[in-house]
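K.L.:
Could you fit the two chains together into a complex? Lean on the hints.
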Amino acid sequence: MGGNAWDFPMNIFLIPYTWARHLVPALVVAGAMALYWWIFLVVTVQLGPSLYEMGLLWRQGAEGGYFLIFASVVVSFASLFVEGSLRRRSVVKRVGYAALGGGLTLFFSIFAFLIAWWTVVLLSGDMRTVVEDPAAVALRFRGVLWGAVGLSAGLGTWMVRKGVALVAGKVAERFGDRLGEEKANAALIAAKMETSVGVGFFGHTLGATAASALGAGVWDGVGYYGVMPTLGIISQDLYLAPALGLVVWGFLHGALTWGIPPELYAGWIRVLSPFRYGHRIPVDRPDGTGAERFVGHFPRGLDMHMPAQNGVAELHASFVVDDTRHYTVRGLSVQPTTVKRLMEQVKIHYNPLSPAPLETALSMEDRVIMSDGANEVVLEFILLPKEER
Amino acid sequence: MSAFARALLVGLVALSASGCVDPKKDPLPIEGSTYRISRKSTPVTNEQSQVEIKILTSRDECAQQLGLMGQDLEDCIPRVDRATGETTLSFTLKDSTLGTPVLLPLHQEQVLISHMDRKMQSAGEYELIPRDPLQTGQLFILLIDGSGSMYENDGERAKKVYQALLNKQVVERFFAKSDTARNGVVLLRFSNEVQGLDGGPAQVLTKPAQYKQMVQGHLMQRSGGYTHLYSAVEYAVTDLLGEPAIREWLQVNMAEPTVVLITDGFNNETAQDVCADNVPRLEHTLDVLRQARGAAGQSRPTLFTVGLGKAIRSRYTYEKNRKLNGRELCGPHGDRRINNDLENYGIDNVSLTWLAEEGGGSSFVKSRPKGLAEVFQAAAAERYRWYTARYRLDGFYHRQSYFVRISLLAYAVASSTVDIHPSGWLDAPSGEVAADQWTRPGSMGRALAFLMPLLGGLLLLSYLGPAVFNARRAIFRRARKR
Numbered sequence: 003m004g005g006n007a008w009d010f011p012m013n014i015f016l017i018p019y020t021w022a023r024h025l026v027p028a029l030v031v032a033g034a035m036a037l038y039w040w041i042f043l044v045v046t047v048q049l050g051p052s053l054y055e056m057g058l059l060w061r062q063g064a065e066g067g068y069f070l071i072f073a074s075v076v077v078s079f080a081s082l083f084v085e086g087s088l089r090r091r092s093v094v095k096r097v098g099y100a101a102l103g104g105g106l107t108l109f110f111s112i113f114a115f116l117i118a119w120w121t122v123v124l125l126s127g128d129m130r131t132v133v134e135d136p137a138a139v140a141l142r143f144r145g146v147l148w149g150a151v152g153l154s155a156g157l158g159t160w161m162v163r164k165g166v167a168l169v170a171g172k173v174a175e176r177f178g179d180r181l182g183e184e185k186a187n188a189a190l191i192a193a194k195m196e197t198s199v200g201v202g203f204f205g206h207t208l209g210a211t212a213a214s215a216l217g218a219g220v221w222d223g224v225g226y227y228g229v230m231p232t233l234g235i236i237s238q239d240l241y242l243a244p245a246l247g248l249v250v251w252g253f254l255h256g257a258l259t260w261g262i263p264p265e266l267y268a269g270w271i272r273v274l275s276p277f278r279y280g281h282r283i284p285v286d287r288p289d290g291t292g293a294e295r296f297v298g299h300f301p302r303g304l305d306m307h308m309p310a311q312n313g314v315a316e317l318h319a320s321f322v323v324d325d326t327r328h329y330t331v332r333g334l335s336v337q338p339t340t341v342k343r344l345m346e347q348v349k350i351h352y353n354p355l356s357p358a359p360l361e362t363a364l365s366m367e368d369r370v371i372m373s374d375g376a377n378e379v380v381l382e383f384i385l386l387p388k389e390e391r
Numbered sequence: 085m086s087a088f089a090r091a092l093l094v095g096l097v098a099l100s101a102s103g104c105v106d107p108k109k110d111p112l113p114i115e116g117s118t119y120r121i122s123r124k125s126t127p128v129t130n131e132q133s134q135v136e137i138k139i140l141t142s143r144d145e146c147a148q149q150l151g152l153m154g155q156d157l158e159d160c161i162p163r164v165d166r167a168t169g170e171t172t173l174s175f176t177l178k179d180s181t182l183g184t185p186v187l188l189p190l191h192q193e194q195v196l197i198s199h200m201d202r203k204m205q206s207a208g209e210y211e212l213i214p215r216d217p218l219q220t221g222q223l224f225i226l227l228i229d230g231s232g233s234m235y236e237n238d239g240e241r242a243k244k245v246y247q248a249l250l251n252k253q254v255v256e257r258f259f260a261k262s263d264t265a266r267n268g269v270v271l272l273r274f275s276n277e278v279q280g281l282d283g284g285p286a287q288v289l290t291k292p293a294q295y296k297q298m299v300q301g302h303l304m305q306r307s308g309g310y311t312h313l314y315s316a317v318e319y320a321v322t323d324l325l326g327e328p329a330i331r332e333w334l335q336v337n338m339a340e341p342t343v344v345l346i347t348d349g350f351n352n353e354t355a356q357d358v359c360a361d362n363v364p365r366l367e368h369t370l371d372v373l374r375q376a377r378g379a380a381g382q383s384r385p386t387l388f389t390v391g392l393g394k395a396i397r398s399r400y401t402y403e404k405n406r407k408l409n410g411r412e413l414c415g416p417h418g419d420r421r422i423n424n425d426l427e428n429y430g431i432d433n434v435s436l437t438w439l440a441e442e443g444g445g446s447s448f449v450k451s452r453p454k455g456l457a458e459v460f461q462a463a464a465a466e467r468y469r470w471y472t473a474r475y476r477l478d479g480f481y482h483r484q485s486y487f488v489r490i491s492l493l494a495y496a497v498a499s500s501t502v503d504i505h506p507s508g509w510l511d512a513p514s515g516e517v518a519a520d521q522w523t524r525p526g527s528m529g530r531a532l533a534f535l536m537p538l539l540g541g542l543l544l545l546s547y548l549g550p551a552v553f554n555a556r557r558a559i560f561r562r563a564r565k566r
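Chains as they are written, first to last, in our numbering: chain A, 3 to 391; chain B, 85 to 566.
Please keep in mind that the hints were generated in silico from the structure rather than gathered at the bench.
Among the hints, a few may not be true.
Derived contacts from chain A toward chain B, CB cut-off under 7 Å, selection only [claimed, not checked]:
id : residue
1  : 62
2  : 66
3  : 137
4  : 139
So the derived label-pair ranges between C-beta atoms look like this [as the list claims (entries may be wrong)]:
id : chain 1 : residue 1 : chain 2 : residue 2 : range
5  : B       : 107       : A       : 22        : 42 to 52 Å
6  : A       : 127       : B       : 157       : 45 to 55 Å
7  : A       : 63        : B       : 398       : 49 to 59 Å
8  : A       : 169       : B       : 487       : 55 to 65 Å
9  : A       : 142       : B       : 398       : 47 to 57 Å
10 : A       : 22        : B       : 213       : 36 to 46 Å
11 : A       : 142       : B       : 93        : 33 to 43 Å
12 : B       : 93        : A       : 179       : 37 to 47 Å
13 : A       : 56        : B       : 327       : 55 to 65 Å
To give an idea of the chain B side of the interface with chain A (calculated C-beta under 8 Å), a few residues [said to hold, decoys possible]:
id : residue
14 : 104
15 : 105
16 : 107
17 : 116
18 : 120
19 : 485
20 : 509
21 : 511
22 : 528
23 : 531
24 : 539
25 : 549
26 : 550
27 : 562
Since the model is a prediction, treat every value here as computed from it, not as a measurement.
Cβ atoms here follow ideal geometry from the backbone N, Cα and C, with glycine treated the same way.
So here's chain B without its partners, still in its complex pose (with noise of 0.2 Å):
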């Protein structure tokens, strides 16, 4: 072999090596497809971020973090199609320091897509499919405030709270038949002090018929007091969760808690407060929830809260990187007076949107016991380990690298984004449209099917040819039979 043929082939194989993938860097091919998909998903950085989402973005990914095999792994995995505009993801939901698995139960306006910067939920359409519910038992620990506020007009308040916690649905979601996990709740009144709905220390009731005697028997007997409602929260998530009763529960049902607060006012632990004393102690109070729920080897408590009445703030909108003050908490409102004045116009929503947004749940304002009974439900909501969101745009949008990014509206503050790069060239055979009008993957046979009859159509293209010859020749009588 020649100097030069031999630098050729020298030169041939360096360049067909440095057009090769690093399999540890590069994006990865999407199965099915000519896509390429970043091997990680990037989280958006957020340092009071406690929970991460985690794009699934290979079949290795579902196999190692979730254990999934079979369906469940072909479900998991993403897919994409040029030809209808979809993309679909998986993804599941981590704590951020524990890198333990968060269960939520999210649902489709509470998960925002973005493609690139449209968002989904306005620009195409889009789809979040729960996967794979909550197989353990979940502590339902109600709050329900007991001051006095909650028995005046005829115990008007104190009714909507037992219609809700009787309505047939909630009773039926508290106590949710499964094969592998138990739910409980816990009834708990708070003024002064915490204790159980009858007065006694707290106890898990485990079946229907405990829980609607003790919500029958006890829940409008009329007690008093002050609104001690950060301290109720701080028990709860701490002391409550401590004692050997609903500990042992919890460990033996490998269960969650799930505490959920109502009240119709304000925290008010004096006859003087005004509404700026309670930034210092919501402060703390959420100190104590955070490190509650991020404490390693312990129950992870979720926290929602519901208002019941009408929002003193309504139009407040909460976000998570604001300082915590009185203009924030109180607004117009931090000098004034609680007790027979500021309870008087409302509840303290502000607080009991931080309570929720830093627990992890949700806060809600309801004054009717349809609008309660539904926060009960979405309190006891399935919870799922894993998601597949699915969106559909114009194919136009596929002609360019484009990132995902998904984001959490609920719960917590989190996002993450994963980049896919479609192939500049070329495409897999586009899927089948399902009766869910959402694309299963296709099959390369297609291509096969395609490739066939155009061979086929140039072969005999090939013989065209000579055949149009010896017909011309046979009807211009310069072929005959012999």
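For reference, chain A alone in the conformation it holds in the complex (with noise of 0.2 Å):
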């Protein structure tokens, strides 16, 4: 790339840490239900009179079901095979954790929607013949439904979630010694971190529920009125319906119940001073623990080095992360330091008369201004993935 490269701070195909980091997954899990929309699409049209003949197609009365119980066992493994792929799991675990999520799913998906269809045929009264017409379009009928399978993918999904988590503790705290410590920590924090961080029954269960009802609401909405029918885009079209309601269901599936968790990220103390300009040294410890790295301008023994000239004190700074994963700088010279933030700037150099330095949380992009009064040397604080090197 030579001189002409930008320093960009982090590869495109990793996902930065910021708030949109969260709709990633979901895009995957959308695109999922995308795929499985046109999957389905060519079973029923294309393969259905063949499977017909062998007696392998599905009544129609059963088709609602299998559309939407395979729907969210598509759901529930997307999300968890997304999971896997971010936290770089083998493909053996990952697709075993996706696989046994979707058979979760599948198992309360069935029984929860054949709960919900008798629920709503007893309670439809006079409507019953609509109800059982399985040709009948309706959300006021069907909208149950959707919610019923859509609580299931939540149900299954976190199963996985908390299971593997607490399998993970367990499995540190018997095995431990066995494991090795690097390997034990990391364990016992990923447990720590999995129950801890959107895991959360409430989260998946409601948040699931929540997405599938608004998929119904979509499948319904563009079904019977359309997107801006008087425009002629999309009017009354059961076509396109099916594939909106599902791509918006495993959208708010993957935007609700998991976002991605701060544990895939670390650290990084980047220079943004022209000497080393780019140079940048992870905060964390590669099993997860503790960490406090110095910088300062004592030439051994530190973690980054920079130049006296430029202002920086011997041991000027030290950046820490602490085993719940946050971050915080103290200032351990009485000289100049300051950390910078939008609308925000913390001093923190030394005061002599304090029995402890002084220290400040650290967010993303948070900027350290280490200064001699003339000469000034700018860090920053940045979390990337931990690929990232």
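P.N.:
Written out as structure tokens, the structure is:
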């Protein structure tokens, strides 16, 4: 690339630590649902007559069941698969966890669908013939079915995530000595993180139910009213309606039930000053346990060396991460040390009258300015995916 | 494998199996759609119905029952499109007792299509497409009333018949050219007895010149006598068809006989006949007609009737199940004499209607030569092996199961229904509207054309995060050129 290459901080194929990172799994699950819609349509329309002759096509009364139950399985599978991909699990584990989630979802969905179906039928009163007509297109009677299988998808996915975390914790506790310290620590931290972040029961069940219910709304809305029908864009189209309904369901399921957890990211100190511009060092240890990185001009034994003539003291500041993945910066020198972020600056230079150094929490892209009054060095703190080296 | 897992697996397999179709019983999928259609159409049974409408519900039925292939086969199979609200069904007609094909010259006004209880003739757009014109010959047997009344007023009515029979289009239709079929015409005159127009035995005319010569030379020759109308019909559908010359011609040409009865009055066999006297006579003639049309191994005659003049009961409407009696046939005129009384007021349109209905044809009352020519054209109209009916309603009517009923409004009492079940969840890609404004089946490629940009868009969005992040850092000078 030579002299013309930009020094971007991260690989484009990785996901930056911004709020938008939570949308990436959602997009993947939405894509999986779009693919599922197409496959279901091809099987129904293209292969339907042949499957019918072989007695393998579903009865029309069961079509809704197959359609929604398999959709919930796809949601669960895709959600766990994308998580496995982000965690860089082995392919076997990745597929295994996803298949386990899909299987559990299948199990729950069958029961949930049947219960919801019979509930609707029993409560339908005079409308029973309409409800029992497999050809009837009505959100009033079908929305509950979407919600039921959506809930099941959330439940199946949650059980796998929770189960994996619990098992990881137990394994680390019981077999930690055999795993080695590093692996045992990693397992314990993973367990702690997975049980505390984004794996909430209510987050999964309510989020998944809301996602499928909104998907049902889109399905019915597009099928009944269309999308700007007066402009002739999509009007009363039950061909695109299920595609859009499933995509919305998948997207919201991915967005509402699981966010990309911080443990998949590592903090880095990166130089923004001309000397050593772009040089960066990680704050985290590979096993994820707490760590402290020092910056100064002392030539040996420091994690990051910056020259004294640029205003950096011998031991100027340190960057700390604890077991709960909170990052802080400590001012260790009496020379000015300032943390700047949007509309805020924090002075953390060492106060000799204070028994402990000042420190402040760090967040993504905070700048730390170290100075001797005349010269200054600017560092930044960034969180990058663990794969970024 | 644990017992629980095994039980779960067995349960899932059983559940899946219970959700699968029984190919011998369950509705079958309509090709190119997510709809299903009942395996067989259900004829609306009627003991007097001689014709059954068979709605073709699958590719196999079209291929097996009609022997269709290629584009004809594609045109035959059912089609549906929810986006445009279109339903397309093909049907054929069969003899309800013998199961043999019935070939009729149906046109749109003679077939009623109902979507549930909505009649398409008034509720939506509807089209009937006749398919596969008959490639066999037809023998047109014209039974012309030779009674004295036809020649009254300087032969006014006979002249109308004369003009109509020599109408260019009528002649062309009678002797329609075909590579594989040949038509013939038999001209008969009836009064007390039935004989050839020239007074000789019945003969089959196969050339337009022969035909014209016969009409021009003999139609206006005055005859007389009473109107033995019913006997003439009985003769035409039995004895005449059994005559060696006629039978042989029908067999050689594999032709169907079409009888056209032309009269200007009543069946009147004696001077004292009153209208009610005709009730048992007509019943007998109807029985003969039914037998002739239902007999196996024989030509199946079709009867059209034409009344020349004014109908004596112009408001009469025919109903199949009504019993024939004096009141039905004559209304308030049951005891009135026909000769020099009723026949002066009009023609017996009721008898003609009953005969035509039982004869599988239509009845007309015409007073002008042009109208008469149209009748001959209708009688000589092309017949078809099968038909495609298509109609369009708002797609909203496709949001639940529905049945389509196809009924004949002419020739016979026949009706058949078929159940259609749209998918309650999703649709195939909509078809493409052709130049005739009707939809042709769409391609599944359109679904792929929707899917690929959608997936591409989602992929693009997933890269948008890092792209925006890096761009923002470049703008705020946190990324530089090295």
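K.L.:
Hint by hint, say whether it matches the structure.
P.N.:
Now the hints, each set against the structure:
1. 62: Since the shortest Cβ distance to chain B is 5 Å, the answer is holds.
2. 66: 5 Å, holds
3. 137: For residue 137(A), the interface hint holds, since the closest Cβ of chain B sits about 4 Å away, which is under 7 Å.
4. 139: 4 Å, holds
5. 107(B) - 22(A): 42 to 52 Å: Holds - the Cβ-Cβ distance for residue 107(B) and residue 22(A), about 51 Å, lies within 42 to 52 Å.
6. 127(A) - 157(B): 45 to 55 Å: 46 Å, holds
7. 63(A) - 398(B): 49 to 59 Å: 53 Å, holds
8. 169(A) - 487(B): 55 to 65 Å: 57 Å, holds
9. 142(A) - 398(B): 47 to 57 Å: This hint holds: roughly 53 Å between Cβ atoms.
10. 22(A) - 213(B): 36 to 46 Å: Given a distance of about 57 Å, which is not inside 36 to 46 Å, the answer is violated.
11. 142(A) - 93(B): 33 to 43 Å: This hint holds: roughly 36 Å between Cβ atoms.
12. 93(B) - 179(A): 37 to 47 Å: 38 Å, holds
13. 56(A) - 327(B): 55 to 65 Å: 57 Å, holds
14. 104: Check passed: Cβ of residue 104(B) comes within 6 Å of chain A, closer than 8 Å.
15. 105: 5 Å, holds
16. 107: With a closest approach of 5 Å, the residue 107(B) hint holds.
17. 116: Constraint on residue 116(B) satisfied, holds at 6 Å.
18. 120: Holds: closest Cβ of chain A sits about 5 Å from residue 120(B), inside 8 Å.
19. 485: 4 Å, holds
20. 509: 5 Å, holds
21. 511: Holds: closest Cβ of chain A sits about 4 Å from residue 511(B), inside 8 Å.
22. 528: Where the cut-off is 8 Å and the nearest Cβ of chain A is about 6 Å from residue 528(B), the hint holds.
23. 531: At 6 Å from the nearest chain A Cβ, residue 531(B) passes the 8 Å test, so the hint holds.
24. 539: 5 Å, holds
25. 549: 4 Å, holds
26. 550: 5 Å, holds
27. 562: 6 Å, holds
Of the numbered hints given earlier, the model fails hint 10 alone.
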